[in-house]
Amino acid sequence: MFSSDETNVIIEDNKERNDKKSLRKQKRAHHRLLRDMNIKCSDRPTQHLMICNGGLVTGIKRETLQCVLDALISKYVLIMPTGKSYCFITCNSKEDATCVYNYIHGRIKLPGQNGPLYVCYTEIVPSIDNVMSNSTFPPGLTLIENFVTKEQEETLLTTLNWENECESVSSQLKHREVKHFGYEFQYGTNMVNPENPIAPIPQDYKFLQTLFDKHSHKYTYDQLTINKYLPGQGIPPHIDTHSVFEDTILSLSLGSACIMNFKKEDRNINVLLPARSLLIMTGEARYAWTHGICPRHSDVIESENGTTTQERDIRVSFTFRKVRRGGCCCNFKEYCDTRFDTATFVDAKTASGLEDSYVHKVYEEISNHFSETRRKQWPNVTKFLGSLEEGTLLLDVGCGNGKYLSGDRNLYKMGCDRSSGLADICRKRSFEVLQCDCLYLPYRNNSVDAVISIAVIHHLSTRERRRRAISEMVRVLRPTGKCLIYVWAKEQRKDSTDSFYLKYGKKSKDETEKIDRSEISHERISECCLTLPVHENRTNFVHSDMLVPWKKKGGERFLRYYHVFQEDELAKLCMEVSAVMIKEVYYDQGNWCVILEKCMKIA
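So the sequence shown is numbered by the UniProt record's numbering: it starts at 1 and just counts up by one.
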């Protein structure tokens, strides 16, 4: 074994390079290439080669490969597709290709790589045009290079003392260090509290506002977040909350360049942010495109010689925002959190599709795991069941795994659920259940003595559908019969006490400070032309309508739709239902609860 001083390439004298491991690597590459680019590999020498485990994604630089190839052959074309762990070489002849193959395959180990490179012959290679990325910016995105001078950059960086937390709110997140001025940016909610200002933006940074004004920016920015990124750190994709900040958001990059990714539906655009550049996000780019930074040590960039990689150094970003007073009035309502809290944000057809994809199908996937986590009855529901007369016929609407159908032998119980998986679990436990939609209960009018519906109607996505579900329960209830309804509350902290939902996720103060309260992500629901925020589990609710993650034991993640109810919202909804009176409204561990009684028939 020896090392080349020029390229630090290690050449291994491996007589067994065609061993089982080598053949296995080649076979995997054959399948991957056929799947990705519909290109077949060849068992015989051709002019074309693929380096199976050497591409931009693996961190290999174009210049490093060129140093190896230049020592072997005089003419070749090196193609490095973006987003791939492999690359291609087209040689002038089969003889040249064979020379490269014999020299590299199983013998060459490049700097930073765990093992030797593996090579195979291919019938063709992709055209260069097909591997170049789309460089068109999202509408409303502007990048100004060299916005500050090197001297100004150095001045700004020297003002930062990451050890001193007195002048600002400073914290250590999982992905980076951060400082706040003007208002503290809450990463768990993507919000600030306008009523709780902190230390203002320092005078040392005021010259930047003057530079902003020269580019016709209409705001005097009052919130600044400074992030320090080490190589390998990033931020998850997110959209800055509409209702909290005004239209224009500025991001000044210092110290090092990086790639920021912008995504909207099926469009995906990478933007290189050079050091000392200013990124301006307005309009569609600000309101409708997610932006994020992938946590990696290098970025794929376009150089004069073609696509290559560029190592990251320590990068510091200054993000300037203007705090908004009042709701957002943008034209991107499907992405706007101000619109998420309106009474009706989708029509009936959209609501049905949303619930089918993000409620019904999810419960079919998680029914077994869900059942394992839902065994203990809630005390106040048990208390309600205990108050019913002997011989009462009880209907549990949305009975789940049937945990309220057990016990109480003095009651006759039956249940229904939309999920066939959960209904099957109930049947195996010998419960009387059927599968149905809570909006269309297959029971006669006035046919049951009592109804319970625990944690069900908050999965319905419009006010009208939630009201109809309550009306259906009242319809099948006999006069003077009682109905208990539980829904998830938006208020998870009441009377200075956290709900079990919040307590369960609490950690020590030191641990909490290190938690990555990542920017709120959003899920684009293509079949409904709708975007909803994704809630971070075990934190306070920010939105009324959202998607809540469920993680199975194997790590698979599902998103369930929820509408969380504000105080009095459930009671007001019940008041719109005829022939029923409200007997009691109460709060129970992060849930709003109501007990209804059906009125006697009027003669």
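Keep in mind the hints are simulated off the structure, nothing from the lab. Among the clues, some could well be false.
Each pair of labels, with its calculated beta carbon distance range [stated by the list, open to error]:
1) Glu151 - Leu502: 46 to 54 Å
2) Asn380 - Ala348: 30 to 38 Å
3) Leu502 - Tyr440: 51 to 59 Å
4) Tyr103 - Asp356: 54 to 62 Å
5) Ile144 - Ile198: 25 to 33 Å
6) Phe207 - Lys75: 46 to 54 Å
7) Leu72 - Arg24: 54 to 62 Å
8) Lys150 - Arg538: 40 to 48 Å
Cut-off 20 Å, straight-line C-alpha distance, at most; resulting in silico cross-link-like pairs (EDC-like, lysine to aspartate or glutamate) [what the hints assert, rightly or not]:
9) Lys551 - Glu372
10) Lys361 - Asp408
11) Lys482 - Asp495
12) Lys376 - Glu334
13) Lys263 - Glu523
14) Lys84 - Glu123
15) Lys25 - Asp43
16) Lys109 - Glu63
We treat Cβ as the ideally placed atom computed from N, Cα and C, and that holds for glycine.
List of violated hint numbers, smallest to largest: As far as the earlier hints go, 3, 7, 10, 11, 12 are violated by this structure, in ascending order.
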